[in-house]
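Take a look at the letters that make up each chain.
Number of protein chains: 2
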Amino acid sequence: MARTVLFISDGTAITAETFGHSLLTQFQATEFRQIRLPFVDTREKARDAVELINRASEADGVPALVFNTIVNKDVGALLNDSQGHVFDLFGTFLPPLEDILGAVSSSSVGQAHGIRNTHDYEDRMEATNYALTHDDGISSRMDEADVILIGVSRSGKTPTCLYMALHFGIKAANYPLTEEDLEKPRLPEFLRKHKDKLFGLTIEAERLAEIRETRRPNSRYASIKQCRYEVNAAEALLRSEGVPSLSSTNASVEELGSRILLELGLQRDLF
Amino acid sequence: MARTVLFISDGTAITAETFGHSLLTQFQATEFRQIRLPFVDTREKARDAVELINRASEADGVPALVFNTIVNKDVGALLNDSQGHVFDLFGTFLPPLEDILGAVSSSSVGQAHGIRNTHDYEDRMEATNYALTHDDGISSRMDEADVILIGVSRSGKTPTCLYMALHFGIKAANYPLTEEDLEKPRLPEFLRKHKDKLFGLTIEAERLAEIRETRRPNSRYASIKQCRYEVNAAEALLRSEGVPSLSSTNASVEELGSRILLELGLQRDLF
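First to last, the sequence lines map onto chains V and A.
Going by the working numbering, the first sequence opens with residue 13, and the numbers climb by one from there.
Going by the working numbering, the second sequence opens with residue 13, and the numbers climb by one from there.
Warning: the hint list may mix true and false statements.
Since the list gives no way to pick out one identical chain from another, each pair is judged satisfied if it fits inside one copy or across any two copies.
[Unchecked claim] DSSO-like, lysine-lysine: derived pairs with alpha carbons at most 30 angstroms apart:
1) Lys196 <-> Lys237
2) Lys57 <-> Lys209
3) Lys57 <-> Lys207
4) Lys196 <-> Lys209
5) Lys196 <-> Lys85
6) Lys207 <-> Lys196
7) Lys237 <-> Lys57
8) Lys85 <-> Lys207
9) Lys57 <-> Lys196
10) Lys85 <-> Lys57
11) Lys205 <-> Lys57
12) Lys85 <-> Lys205
13) Lys85 <-> Lys209
14) Lys237 <-> Lys85
Hints were generated in silico from the structure; no laboratory data involved.
Please read these numbers as outputs of a predicted model, since none were measured by experiment.
Produce the entire structure from the sequences given, and follow the hints as far as they go.
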C-alpha cells in the first residue's frame with residue numbers, strides 16, 4: 013500500500029517536489045504515490061487541496077504527507093486543517109533567515125522558477141539553442157563552447173549537454189567519436205585546439221549495446237562486438253590525450269552535469 | 013556588498029540549491045553570491061568546505077549562509093564548526109519523517125538525482141530524444157506525443173518542450189505556425205486530429221521582435237510589423253480552434269511546463 017505525498021505550492025511546486033522527493037529517497041522501503049499541485053494561490057484552491065489530502069489519507073488509511081511551499085501565509089495555513097502531516101518548508105526556515113538577514117521576507121509568489129533574473133534566464137535559453145546547434149558534431153566551430161563532450165554514439169552526450177544548458181546556462185557542444193576517429197592515434201585537430209574544454213563520456217559496452225539495439229535492432233552498430241570495440245578504442249584515445257572522462261552507465265544527467273562542471277572548474281554563481 | 017551563500021551536499025547539491033535559492037528569492041533587497049559545492053562526501057572535503065565558508069565569511073564581514081543536505085551525519089556535522097550559519101535541511105525534516113513513517117532513514121547518498129528508478133529515468137531520456145526528433149515540425153507524425161506545442165517561430169516552443177521532456181518525461185512535440193498556416197482559417201489537418209494534445213504558446217510582438225532581431229538582424233522576419241501580424245493571426249487561430257494557450261513573454265520554461273501539464277491533465281507521479 014503506497015502512502016500519498018503531495019507537493020503543494022503557489023508557484024510551480026518544483027522546489028517542494030525537489031526537496032520533498034530528496035527526503036523520501038531516504039525511505040526506500042516505503043512506497044510513495046507522489047502528486048505535485050502547483051499554482052495553489054487562492055483560498056479556494058487551497059480548500060480543494062485539503063479535500064484531495066483528506067481523500068488520499070482516507071483511501072490510504074494513513075495521513076498523507078504534504079510538503080508545502082505556499083508563500084501566502086493565509087492560503088498556506090488552510091492546509092494545516094487537513095488530515096495530512098504538513099511540512100511547512102518556508103515557514104520553518106524563513107523566520108531564522110529573517111533574523112540573520114535583519115530583513116522581512118517579501119512574501120512574493122513564484123520567484124524561484126520565474127524569470128527573476130532576466131539576464132541569467134536569457135543565458136540559459138541561449139545556451140539551450142547553442143546545445144541544439146552544436147549537437148552531434150553538427151558544427152565543428154566550437155570557439156564559444158564552455159565544454160565539449162566527446163564519446164561514442166549513444167553514450168549520453170546530447171541529454172547531458174541539454175541538461176547543462178537548460179539548468180546551468182552552460183554552452184555545451186558535443187562531438188561523436190566515429191570509427192574513423194577511433195582508428196587514428198589522435199583526436200581531430202578542431203577538438204585538440206579546445207583541449208581545456210574537452211570532457212569524455214564513456215559507457216559499459218553491454219549497456220551501450222542495449223541502448224543501440226532499441227534504436228537499430230540487429231544491426232552491426234548495436235552488436236556487442238562493435239560496442240566493445242568502440243568503447244575500448246574511445247577510452248584508450250581519451251586516456252592517451254589526457255581528456256578527463258566519466259561513465260554514464262550508472263549516472264544520471266544531473267550527476268554527470270554537476271561533476272563535469274566541477275571538474276572543469278565551470279561552477280558558476282547560480283541562477 | 014554581497015553575502016556568500018553555499019549549497020553543500022554529498023550528492024549533486026541540486027536539492028540544496030533549489031531549496032536554498034527559493035528561500036533567498038524572498039529577500040530581494042539582499043545581494044547573494046551563490047556557490048554550489050557538490051560531492052562533499054569525505055571528511056577532508058568537508059574540511060575544505062569549512063575553509064571556504066570561513067574565508068567567504070571573513071571577506072564579506074558577515075557569516076556566510078550554508079544550505080546543507082549532506083546525508084552522512086559525521087561529514088555534515090563538520091560544517092557546524094564553520095563560521096557560517098548552517099541550515100541542516102535533512103537534519104531538520106528527517107527525524108519527524110522517521111517518526112511518522114516508523115522507519116529509519118537509509119542515510120544513502122545521492123539518491124535524489126541519481127538513477128534510482130531506472131524506468132522513470134529511461135522515460136525521461138526517451139522523451140528527450142522524442143523532443144529532439146519532433147522539434148520545429150521536423151516530423152508531422154505525432155501519434156506518440158503527450159503534448160504538441162504550437163506557435164509562431166521563436167515563441168519559446170523548443171526550450172519548453174525540452175524542459176518538459178528532461179524534467180517530467182513528457183513526450184513533447186512542437187510545430188511552428190508558418191505564414192502559410194496563418195493565412196488559412198483552420199489548423200493543418202495533421203494537428204487538428206490531435207486536438208486534445210494541442211497547446212498554444214504566444215508572446216508579445218515587441219518581445220518577439222527583440223528575440224528575432226538577435227537571430228536575423230534587420231530582417232523582415234524580425235520587424236515589429238511582421239511580428240505583430242504573426243502574433244495576432246496566431247492568437248486568432250488558436251482562439252477560433254479552441255486551443256488553450258499561454259504567453260511566454262514573462263514566464264519561464266519551468267512555469268510554462270508546469271502550467272501546461274496541469275491544464276492538459278498530464279500531471280504524472282513524479283520521478
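A quick look at each hint next to the structure:
Taking identical chains as interchangeable, the C-alpha atoms of Lys196 and Lys237 lie at most 30 angstroms apart only when both belong to the same chain, with a minimum of 19 angstroms there against 54 angstroms between chains. Proximity of Lys57 to Lys209 under the C-alpha cut-off of 30 angstroms is restricted to the inter-copy arrangement: shortest distance 25 angstroms between copies versus 49 angstroms within a copy. In this assembly of identical chains, Lys57 and Lys207 lie within 30 angstroms of each other by CA distance solely across copies; the values are 27 angstroms between and 54 angstroms within a copy. Proximity of Lys196 and Lys209 under a CA criterion of 30 angstroms is satisfied intra-copy only: 21 angstroms inside one chain copy versus 48 angstroms between copies.
In this assembly of identical chains, Lys196 and Lys85 lie within 30 angstroms of each other by CA distance neither inside one copy nor across copies; the values are 64 angstroms within and 49 angstroms between. In the homo-oligomer, the alpha carbons of Lys207 and Lys196 lie at most 30 angstroms apart inside one protomer (17 angstroms), although the nearest pairing across protomers, at 52 angstroms, exceeds that limit. In this homomeric assembly, Lys237 and Lys57 never come within 30 angstroms of each other (Cα to Cα): the closest approach is 57 angstroms inside a single copy and 41 angstroms across copies. Taking CA atoms no more than 30 angstroms apart as the test, Lys85 paired with Lys207 passes in neither setting, with 52 angstroms inside one copy and 39 angstroms between copies.
Taking the shortest alpha-carbon separations for Lys57 and Lys196, neither the intra-copy value of 63 angstroms nor the inter-copy value of 39 angstroms comes in at or below 30 angstroms. Taking the shortest alpha-carbon separations for Lys85 and Lys57, only the intra-copy value of 14 angstroms comes in at or below 30 angstroms, while the best inter-copy value is 39 angstroms. For the homomeric pair Lys205 and Lys57, neither the shortest alpha-carbon distance inside one copy (57 angstroms) nor that between copies (33 angstroms) is at most 30 angstroms. For the homomeric pair Lys85 and Lys205, neither the shortest alpha-carbon distance inside one copy (56 angstroms) nor that between copies (44 angstroms) is at most 30 angstroms.
In this assembly of identical chains, the alpha carbons of Lys85 and Lys209 never lie at most 30 angstroms apart, being 47 angstroms within a copy and 36 angstroms across copies at closest. In this assembly of identical chains, Lys237 and Lys85 lie within 30 angstroms of each other by CA distance neither inside one copy nor across copies; the values are 61 angstroms within and 45 angstroms between.
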